[in-house]
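Student: Each chain is listed here by its residues.
There are 2 protein chains.
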Amino acid sequence: MSSSYSNYTNSPCAACKFLRRKCTSDCVFAPYFPPEEPLKFANVHRIFGASNVSKILHEVAPHQREDAVNSLAYEAEARLKDPVYGCVGAISVLQREVLRLQRELEETNVDLMRYASCLGGETSAYGGRRG
Amino acid sequence: MSSSYSNYTNSPCAACKFLRRKCTSDCVFAPYFPPEEPLKFANVHRIFGASNVSKILHEVAPHQREDAVNSLAYEAEARLKDPVYGCVGAISVLQREVLRLQRELEETNVDLMRYASCLGGETSAYGGRRG
Numbered sequence: 001m002s003s004s005y006s007n008y009t010n011s012p013c014a015a016c017k018f019l020r021r022k023c024t025s026d027c028v029f030a031p032y033f034p035p036e037e038p039l040k041f042a043n044v045h046r047i048f049g050a051s052n053v054s055k056i057l058h059e060v061a062p063h064q065r066e067d068a069v070n071s072l073a074y075e076a077e078a079r080l081k082d083p084v085y086g087c088v089g090a091i092s093v094l095q096r097e098v099l100r101l102q103r104e105l106e107e108t109n110v111d112l113m114r115y116a117s118c119l120g121g122e123t124s125a126y127g128g129r130r131g
Numbered sequence: 001m002s003s004s005y006s007n008y009t010n011s012p013c014a015a016c017k018f019l020r021r022k023c024t025s026d027c028v029f030a031p032y033f034p035p036e037e038p039l040k041f042a043n044v045h046r047i048f049g050a051s052n053v054s055k056i057l058h059e060v061a062p063h064q065r066e067d068a069v070n071s072l073a074y075e076a077e078a079r080l081k082d083p084v085y086g087c088v089g090a091i092s093v094l095q096r097e098v099l100r101l102q103r104e105l106e107e108t109n110v111d112l113m114r115y116a117s118c119l120g121g122e123t124s125a126y127g128g129r130r131g
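Residue numbers (UniProt numbering), protein chains in the order written: chain B, 1 to 131; chain E, 1 to 131.
In isolation and in its complexed conformation, chain B is listed as follows:
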């Protein structure tokens, strides 16, 4: 999506409405903060501040701005739900889940190798999986 908002209408984007300023056709926020999603901007504004969001948008290539806004919106929502850990809480949960699955897979492979050795010559068919 280009920074010049293709669906630009007379309604100000959610960011300009929130900041009570005129929304121009070259508004950096408009393509990513449509007026019908006011909470998306309110959240990123509350956690990062409008000027930091604008700075980040100017730092990244136009085709990456949508992804940047969506990841900022995700982080902001996570921080509002959990002011202590934000989305870092999700990272800890996922890291623990990866470790648990790796251990489980390792144990299952040990069982598999035990079966394979019971069946003797058939070991080549099931050589165990690597986690």
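Derived by calculation from the structure, the hints in this document are not laboratory data.
Among the hints, erroneous ones may be present.
Identical copies look the same in the list; a pair holds intra-copy or inter-copy alike.
[To be verified] With a cut-off of at most 20 Å between alpha-carbon atoms, the simulated EDC-like pairs for lysine to aspartate or glutamate come out as follows:
#, residue 1, residue 2
1, Lys55, Asp82
2, Lys40, Glu66
3, Lys22, Glu36
4, Lys17, Glu37
5, Lys40, Glu77
6, Lys81, Glu37
7, Lys81, Glu66
8, Lys55, Asp26
9, Lys81, Glu59
10, Lys22, Glu37
11, Lys40, Asp67
12, Lys55, Asp67
13, Lys17, Glu36
14, Lys55, Glu66
If you're wondering where the values come from, they're calculated on a predicted model, not measured in any experiment.
Guided by the hints, dock chain E onto chain B, whose structure is given.
Tutor: Just chain E, lined up with the frame of chain B:
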């Protein structure tokens, strides 16, 4: 750690030094931004802004402030390294890894059940693991 900085000295904390303001004994930043770690504050300031960090610190209980600052510092560093995805990039990588491990474990369990059925009566010993 309490909000009244026990190791308070005459050196201003990294936040007050950065913001060029007087660091008082009840400074909310001082316990978490020691003067010898100037980058920690510079990063969170650049991504969240000092006033948003201060707001978050006042929102959470004093015993959770250290965790809150560390998760904010982690998020800020991730966003500076990857302005498009920040630490949400790590979440995507971990989510894909969890899915891959779950599939791998499922396939290994199918192999295990096949072996168990070959060995007949011994199935109770290895009933397959749940991912």
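Student: Between copies, within a copy, both or neither: which fits lysine 22 and glutamate 37 at Cα up to 20 Å?
Tutor: within (18 Å within a copy, 41 Å between copies)
Student: How would you label the pair lysine 40, glutamate 66 (within, between, both, or neither) given a Cα cut-off of 20 Å?
Tutor: Intra 13 Å, inter 28 Å, cutoff 20 Å: intra-copy only.
Student: Indicate which option fits the pair lysine 40, aspartate 67 if close means a Cα-Cα distance not exceeding 20 Å: within, between, both or neither.
Tutor: Within one copy, since 14 Å is at most 20 Å while 26 Å is not.
Student: Within, between, both or neither: how does the pair lysine 55, aspartate 26 come out at a Cα-Cα threshold of 20 Å?
Tutor: within (15 Å within a copy, 32 Å between copies)
Student: Checking lysine 81 and glutamate 37: alpha-carbon separation at most 20 Å within a copy, between copies, both or neither?
Tutor: within (18 Å within a copy, 28 Å between copies)
Student: With 20 Å as the alpha-carbon cut-off, assign the pair lysine 81 and glutamate 59 to within, between, both or neither.
Tutor: Between copies only: 12 Å across, 28 Å inside.
Student: Are the CA atoms of lysine 17 and glutamate 37 at most 20 Å apart within a copy, between copies, both, or neither?
Tutor: within (11 Å within a copy, 39 Å between copies)
Student: At most 20 Å between alpha carbons: which applies to lysine 55 and aspartate 67, within, between, both or neither?
Tutor: within (15 Å within a copy, 27 Å between copies)
Student: How would you label the pair lysine 17, glutamate 36 (within, between, both, or neither) given a Cα cut-off of 20 Å?
Tutor: within (11 Å within a copy, 42 Å between copies)
Student: How would you classify lysine 22 and glutamate 36 at a CA-CA limit of 20 Å: within, between, both, or neither?
Tutor: Within one copy, since 17 Å is at most 20 Å while 44 Å is not.
Student: Give the relationship of lysine 55 and glutamate 66 under a CA distance limit of 20 Å: within one copy only, between copies only, both, or neither.
Tutor: within (14 Å within a copy, 27 Å between copies)
Student: Reference check for the pair lysine 55 and aspartate 82, CA-CA at most 20 Å: within, between, both, or neither?
Tutor: Result: close only across copies, 14 Å inter versus 25 Å intra.
Hint check: no violations occur; every hint is consistent with the structure.
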